[in-house]
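Top line first, the protein sequences correspond to chains C and B. In terms of the working numbering, the first sequence opens at residue 536 and continues consecutively. In terms of the working numbering, the second sequence opens at residue 536 and continues consecutively.
One thing to keep in mind: the hints can contain errors.
The list cannot tell twin chains apart, which means a pair is met if one copy fits it or any two copies do.
Said to hold, decoys possible - EDC-like, lysine to aspartate or glutamate: derived pairs with alpha carbons at most 20 Å apart: (1) Lys638 <-> Glu709; (2) Lys537 <-> Glu576; (3) Lys715 <-> Glu576; (4) Lys762 <-> Asp687; (5) Lys790 <-> Glu714; (6) Lys715 <-> Asp621; (7) Lys715 <-> Glu659; (8) Lys676 <-> Glu565; (9) Lys715 <-> Asp763; (10) Lys715 <-> Asp600; (11) Lys537 <-> Asp673; (12) Lys609 <-> Glu753; (13) Lys676 <-> Glu753; (14) Lys762 <-> Glu577; (15) Lys790 <-> Glu629; (16) Lys762 <-> Glu620; (17) Lys676 <-> Asp621.
Worth flagging that the hints you see were computed from the coordinates, not collected in a lab. What you are looking at is a predicted structure, and each value in this text was computed from that prediction instead of being measured.
The residues making up each chain are set out below.
Protein chains: 2
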Amino acid sequence: MKRVMLTVAYDGTRYNGWQVQPNGVTIEGELNSALTEFLGEEIRVSGASRTDAGVHALCNLAVFDTNARMPGEKMSYALNQRLPEDIKVLCSQEVPPAFHPRKCESRKTYVYRIYVAPFPNPLERTYALFTYVPLDVDAMKAAAAQFVGEHDFTSFSTSKPEITSSVRTVTMCEITEVEKPFGNMIEIRVQGNGFLYNMVRIMVGTLMEVGRGNLEAEAIAAIFEQKDRAVAGPTAPACGLMLENYTFFGENPVKIY
Amino acid sequence: MKRVMLTVAYDGTRYNGWQVQPNGVTIEGELNSALTEFLGEEIRVSGASRTDAGVHALCNLAVFDTNARMPGEKMSYALNQRLPEDIKVLCSQEVPPAFHPRKCESRKTYVYRIYVAPFPNPLERTYALFTYVPLDVDAMKAAAAQFVGEHDFTSFSTSKPEITSSVRTVTMCEITEVEKPFGNMIEIRVQGNGFLYNMVRIMVGTLMEVGRGNLEAEAIAAIFEQKDRAVAGPTAPACGLMLENYTFFGENPVKIY
Chain C
536 MKRVMLTVAY
546 DGTRYNGWQV
556 QPNGVTIEGE
566 LNSALTEFLG
576 EEIRVSGASR
586 TDAGVHALCN
596 LAVFDTNARM
606 PGEKMSYALN
616 QRLPEDIKVL
626 CSQEVPPAFH
636 PRKCESRKTY
646 VYRIYVAPFP
656 NPLERTYALF
666 TYVPLDVDAM
676 KAAAAQFVGE
686 HDFTSFSTSK
696 PEITSSVRTV
706 TMCEITEVEK
716 PFGNMIEIRV
726 QGNGFLYNMV
736 RIMVGTLMEV
746 GRGNLEAEAI
756 AAIFEQKDRA
766 VAGPTAPACG
776 LMLENYTFFG
786 ENPVKIY
Chain B
536 MKRVMLTVAY
546 DGTRYNGWQV
556 QPNGVTIEGE
566 LNSALTEFLG
576 EEIRVSGASR
586 TDAGVHALCN
596 LAVFDTNARM
606 PGEKMSYALN
616 QRLPEDIKVL
626 CSQEVPPAFH
636 PRKCESRKTY
646 VYRIYVAPFP
656 NPLERTYALF
666 TYVPLDVDAM
676 KAAAAQFVGE
686 HDFTSFSTSK
696 PEITSSVRTV
706 TMCEITEVEK
716 PFGNMIEIRV
726 QGNGFLYNMV
736 RIMVGTLMEV
746 GRGNLEAEAI
756 AAIFEQKDRA
766 VAGPTAPACG
776 LMLENYTFFG
786 ENPVKIY
């Protein structure tokens, strides 16, 4: 028996999220089917991040145990033959039997992309949220800085009863704006040790309210204090969000790529 | 009667090219339908570049004449409501009645993107050609430089009987390579005063042969001399190609954006 870790990239557009569900096609379900068929034994992967419907990933992680004799490093080739074009394994590797990305000291990076222009651009439609409303990026940057640090993110999450603590540490929240021929691309990059349900999308929705002038950049501290989802901004749409990277710390950290 | 010019962006993936055809959905056909419905008169646009099936554009141009009283500058709003999400008008403007982009002194820029990595990346699958074969980018750059200037491009075109001259001037052929997390993105940018049928894709196919070591960088001059399509490389697939930009010269040049 050995444990194999997959680095999985996907275009989430046509999926009902990561996690296997009674209805709808999911990333996890597609991986389970491809692995079970390919290895000839029932495989159930365990993912690092249960991304929502429509969210993309350049780098999600999944581990599974197998009796296969084939080296884990070779599995990505055969696996990619069996996966649809919008899900691919970019790396497969053997990891220690007890290793699980969710049990490691790690940092995850998400990026949210917003395309601001008078008209939507077909070439930017799949991996960015389009808005024609101008955004004050300097105000958004001032607000973003207030997310960094250890906070109770209750106001920035959709409650899930099983969660015991809403305290998370955001190690980075940076905004860049790149001029494109017919509009601007704003990227909001958020890194942290863990994220509550919908946390990045609510942070982004709140930053957009600041960008539109509906909320002061200084309001973030008060929103944290109120511990009330209703006082933060709306949940930004899934299409703009991408899980971009993982970094592991501690002894024998596993390298992703 | 006035003449309106549209700047049109599209994801060419699901289209049978620009030009209206008996079978298959085309960009031109979609524009004609949307304009005819919206303006209430039969409209037939005339395009600047008849891009092939599967080729993308950030900036193709189309002109049409109309009796509509609405200012041309306002038409893009209503038009975009009627266009599918993979075709959008990024700018509409009134131009002189005799103006046609194909009759102007102009330069067109195409970009061809090649994603080189061990595995295809779902997030790069729509607007780039994937290859796992490493490419020698320095050799490709040396070959690319030989395309610049006035040449008879017969060897780099699929013959079309109606063409009278195969002499074209390439004003730029530049290659950049950007490192991405799981692979490299190579961009081949070609600018010129006009292009023969399949010319950019055959230039790219030939540059890839150089990158793979199947052809010497110095061979380009001999391929020009032989005036024979068979001695150049294969036609690179449509998915990697995008019409990126137009520039007009001369008196009262029309500004694209």
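Intra- versus inter-copy proximity for Glu576 and Lys537 (alpha-carbon distance at most 20 Å): The answer is within: 13 Å in one copy meets 20 Å, while 69 Å across copies does not.
How would you classify Lys537 and Asp673 at a CA-CA limit of 20 Å: within, between, both, or neither? Classified as neither; 50 Å inside a copy, 42 Å across copies.
As a check of your reading, is Lys762 near Glu577 (CA-CA no more than 20 Å) within one copy, between copies, both or neither? For Lys762 and Glu577, neither the intra-copy (43 Å) nor the inter-copy (59 Å) Cα distance is at most 20 Å.
Up to 20 Å between alpha-carbons, please classify Lys762 paired with Glu620: within, between, both or neither. Neither, since 42 Å and 39 Å both go past 20 Å.
Between Lys676 and Glu753, at a C-alpha cutoff of 20 Å, which is it: within one copy, between copies, both, or neither? within (11 Å within a copy, 51 Å between copies)
Are the CA atoms of Lys676 and Asp621 at most 20 Å apart within a copy, between copies, both, or neither? For Lys676 and Asp621, the Cα distance exceeds 20 Å both inside one copy (33 Å) and across copies (32 Å).
Which holds for Lys715 with Asp763 at a C-alpha limit of 20 Å: within a copy, between copies, both or neither? neither (37 Å within a copy, 39 Å between copies)
Between the shortest in-copy and the shortest cross-copy C-alpha distance, which are at most 20 Å for Lys638 and Glu709: within, between, both, or neither? Classified as neither: same-chain Cα gap 26 Å, cross-chain 47 Å, threshold 20 Å.
When no copy is named, should Lys790 and Glu629 be tagged within, between, both, or neither for a Cα gap of at most 20 Å? within (11 Å within a copy, 56 Å between copies)
When Cα atoms must be at most 20 Å apart, do Lys715 and Glu659 count as within-copy, between-copy, both, or neither? both (11 Å within a copy, 18 Å between copies)
Within, between, both or neither: Lys715, Glu576 at alpha-carbon 20 Å: neither (49 Å within a copy, 35 Å between copies)
Within a copy, between copies, both or neither: where do Lys790 and Glu714 come within 20 Å Cα-Cα? between (33 Å within a copy, 18 Å between copies)
Violated hints, listed in ascending order, are 1, 3, 8, 9, 10, 11, 12, 14, 16 and 17; each of the other numbered hints is respected by the structure.
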